[in-house]
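> Make a model of the complete structure from these sequences and hints.
Protein chains in written order, with my numbering: chain A, 1 to 136; chain B, 1 to 136; chain C, 1 to 136; chain D, 1 to 136.
Errors might be hidden in some of the hints.
Note that identical chains are pooled: a pair holds if it fits in a single copy or bridges any two copies.
Lysine to any residue pairs mimicking SDA-like chemistry, simulated, CA-CA at most 20 angstroms apart [to be verified]:
1. 114 <-> 28
2. 135 <-> 121
3. 103 <-> 114
4. 88 <-> 106
5. 103 <-> 71
6. 106 <-> 23
Since the hints were made in silico from the structure, they are not lab data.
There are 4 protein chains.
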Amino acid sequence: MSLMTVKELEDLMRREFPQNQIILESISSRSSRVRIPVNHSHLRPGGTVSGPTMMSLADMAMYLALLGEIGPELLAVTTNLNIHFIRKPESAQDLIGVCNIFKLGKKLAVGEVKIFSEGIEEMVAHATCTYSIPKS
Amino acid sequence: MSLMTVKELEDLMRREFPQNQIILESISSRSSRVRIPVNHSHLRPGGTVSGPTMMSLADMAMYLALLGEIGPELLAVTTNLNIHFIRKPESAQDLIGVCNIFKLGKKLAVGEVKIFSEGIEEMVAHATCTYSIPKS
Amino acid sequence: MSLMTVKELEDLMRREFPQNQIILESISSRSSRVRIPVNHSHLRPGGTVSGPTMMSLADMAMYLALLGEIGPELLAVTTNLNIHFIRKPESAQDLIGVCNIFKLGKKLAVGEVKIFSEGIEEMVAHATCTYSIPKS
Amino acid sequence: MSLMTVKELEDLMRREFPQNQIILESISSRSSRVRIPVNHSHLRPGGTVSGPTMMSLADMAMYLALLGEIGPELLAVTTNLNIHFIRKPESAQDLIGVCNIFKLGKKLAVGEVKIFSEGIEEMVAHATCTYSIPKS
Numbered sequence: 001m002s003l004m005t006v007k008e009l010e011d012l013m014r015r016e017f018p019q020n021q022i023i024l025e026s027i028s029s030r031s032s033r034v035r036i037p038v039n040h041s042h043l044r045p046g047g048t049v050s051g052p053t054m055m056s057l058a059d060m061a062m063y064l065a066l067l068g069e070i071g072p073e074l075l076a077v078t079t080n081l082n083i084h085f086i087r088k089p090e091s092a093q094d095l096i097g098v099c100n101i102f103k104l105g106k107k108l109a110v111g112e113v114k115i116f117s118e119g120i121e122e123m124v125a126h127a128t129c130t131y132s133i134p135k136s
Numbered sequence: 001m002s003l004m005t006v007k008e009l010e011d012l013m014r015r016e017f018p019q020n021q022i023i024l025e026s027i028s029s030r031s032s033r034v035r036i037p038v039n040h041s042h043l044r045p046g047g048t049v050s051g052p053t054m055m056s057l058a059d060m061a062m063y064l065a066l067l068g069e070i071g072p073e074l075l076a077v078t079t080n081l082n083i084h085f086i087r088k089p090e091s092a093q094d095l096i097g098v099c100n101i102f103k104l105g106k107k108l109a110v111g112e113v114k115i116f117s118e119g120i121e122e123m124v125a126h127a128t129c130t131y132s133i134p135k136s
Numbered sequence: 001m002s003l004m005t006v007k008e009l010e011d012l013m014r015r016e017f018p019q020n021q022i023i024l025e026s027i028s029s030r031s032s033r034v035r036i037p038v039n040h041s042h043l044r045p046g047g048t049v050s051g052p053t054m055m056s057l058a059d060m061a062m063y064l065a066l067l068g069e070i071g072p073e074l075l076a077v078t079t080n081l082n083i084h085f086i087r088k089p090e091s092a093q094d095l096i097g098v099c100n101i102f103k104l105g106k107k108l109a110v111g112e113v114k115i116f117s118e119g120i121e122e123m124v125a126h127a128t129c130t131y132s133i134p135k136s
Numbered sequence: 001m002s003l004m005t006v007k008e009l010e011d012l013m014r015r016e017f018p019q020n021q022i023i024l025e026s027i028s029s030r031s032s033r034v035r036i037p038v039n040h041s042h043l044r045p046g047g048t049v050s051g052p053t054m055m056s057l058a059d060m061a062m063y064l065a066l067l068g069e070i071g072p073e074l075l076a077v078t079t080n081l082n083i084h085f086i087r088k089p090e091s092a093q094d095l096i097g098v099c100n101i102f103k104l105g106k107k108l109a110v111g112e113v114k115i116f117s118e119g120i121e122e123m124v125a126h127a128t129c130t131y132s133i134p135k136s
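Below is the structure:
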């Protein structure tokens, strides 16, 4: 069971990240599923979704999966993000990010985020992400 | 000598990336220097600049350094970006990105981007970035 | 179905990598499973398996999964390897590496390797790996 | 000034890593320079030095630069290593690794290692590396 619900995490995001466009779809043990509605502002030459859009999605998916476990530690910060862009995303499909936390230590959390164009089985990007957890 | 000038790269960015906020300050052999004017939209809880802002800066610095070498290959795409967030950036300072390309092959270019808060010597983030170069 | 069998890959490894200690356990579509029998030469202070032992295992797992798909392209070379060390491996257990290739393009292959201490469910390390495929 | 001298670090390596082949050439503030004498056991098909040889060199360079700063904390462990293989190393030249630590925090140290074939200016590989520092 997660420490925070989708509703609580949504409230937190609205308050703390007012410009955020990413939607939290579900949260469960050490995992999250997020969505970004893709529009023209996310596209880049070639009609593909920009890399930074996918990096933001990966980072937010991990942040939410982590807060779901440890509670509203707003000052948890990314220390490392590594992303492989694998295939060209569809320009007309939302992007979905699925995060799984591999390790949840006292100091560090490490996880992966798989990114998909909605409805298409093959991954478009794969990220691994490390967060530093503040002492509470 | 770069194949493209700062002026030519600025024109290309205005045309192809109309929402881009990053400014190209200089371009030289296998390198670039870029700036993002930090405003409240880039901040996150704790008064620090968000990770995605720095990831975008790194990715764009590498893209511009690469186009400076190979010309307007708009379809050059990032295949990998790895970023370490090292220190909390200043919330009231612009971020500066300095890119150096390590390798410029036929298929792949690999480089690093060092990110600084303007006027402060210690790096705030370090990225390595790989681009795939389309066949021309 | 793989292009090369376990037997053919073992012969290739014996011939081309005579010092190799890694055992290929199975190969299937875009995946491999490898083992390294851990002995005192792989240990480091604290009684844990050294990082380089795990990096070698990850690299070899990906190489074999790739050759299983594309045939004996000995000159396929690693261009990037990123590894997260997650938990302390058991000093008395073999390490198992399980590779899945995410992308098999003409120029590049990208995959992940999950590393386990035999018989223990939690991952000890997670690697992502990119190989450059020579033109044949 | 480093907390540990080259001599002290060499003694520590002989004692704790008896199979180690890497030579520490110098140590200074937040940096180290190491060498591995390349022999046939490090080569792989194509007459190039194997990836794991370079990964080991990077990891050891960072470990020694770190111990040079914090003293003989043998249980400092790598949490992440990311390496880009940039050019084919010379098969008949030693490899040199030059480490610079970007950040030396209480919990984590982050640095880079540039790897060269001796006498050749262009880098053959570039690694970034994170160590977790035990509480002392």
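> Hints first: check each against the structure and report whether it holds.
Going through the hints against the structure:
1. 114 <-> 28: The answer is within: 16 angstroms in one copy meets 20 angstroms, while 22 angstroms across copies does not.
2. 135 <-> 121: neither (39 angstroms within a copy, 28 angstroms between copies)
3. 103 <-> 114: both (16 angstroms within a copy, 13 angstroms between copies)
4. 88 <-> 106: between (37 angstroms within a copy, 15 angstroms between copies)
5. 103 <-> 71: This pair counts as within: shortest intra-copy Cα distance 16 angstroms, inter-copy 28 angstroms.
6. 106 <-> 23: neither (28 angstroms within a copy, 35 angstroms between copies)
Of the numbered hints listed earlier, those contradicted by the structure are 2 and 6.
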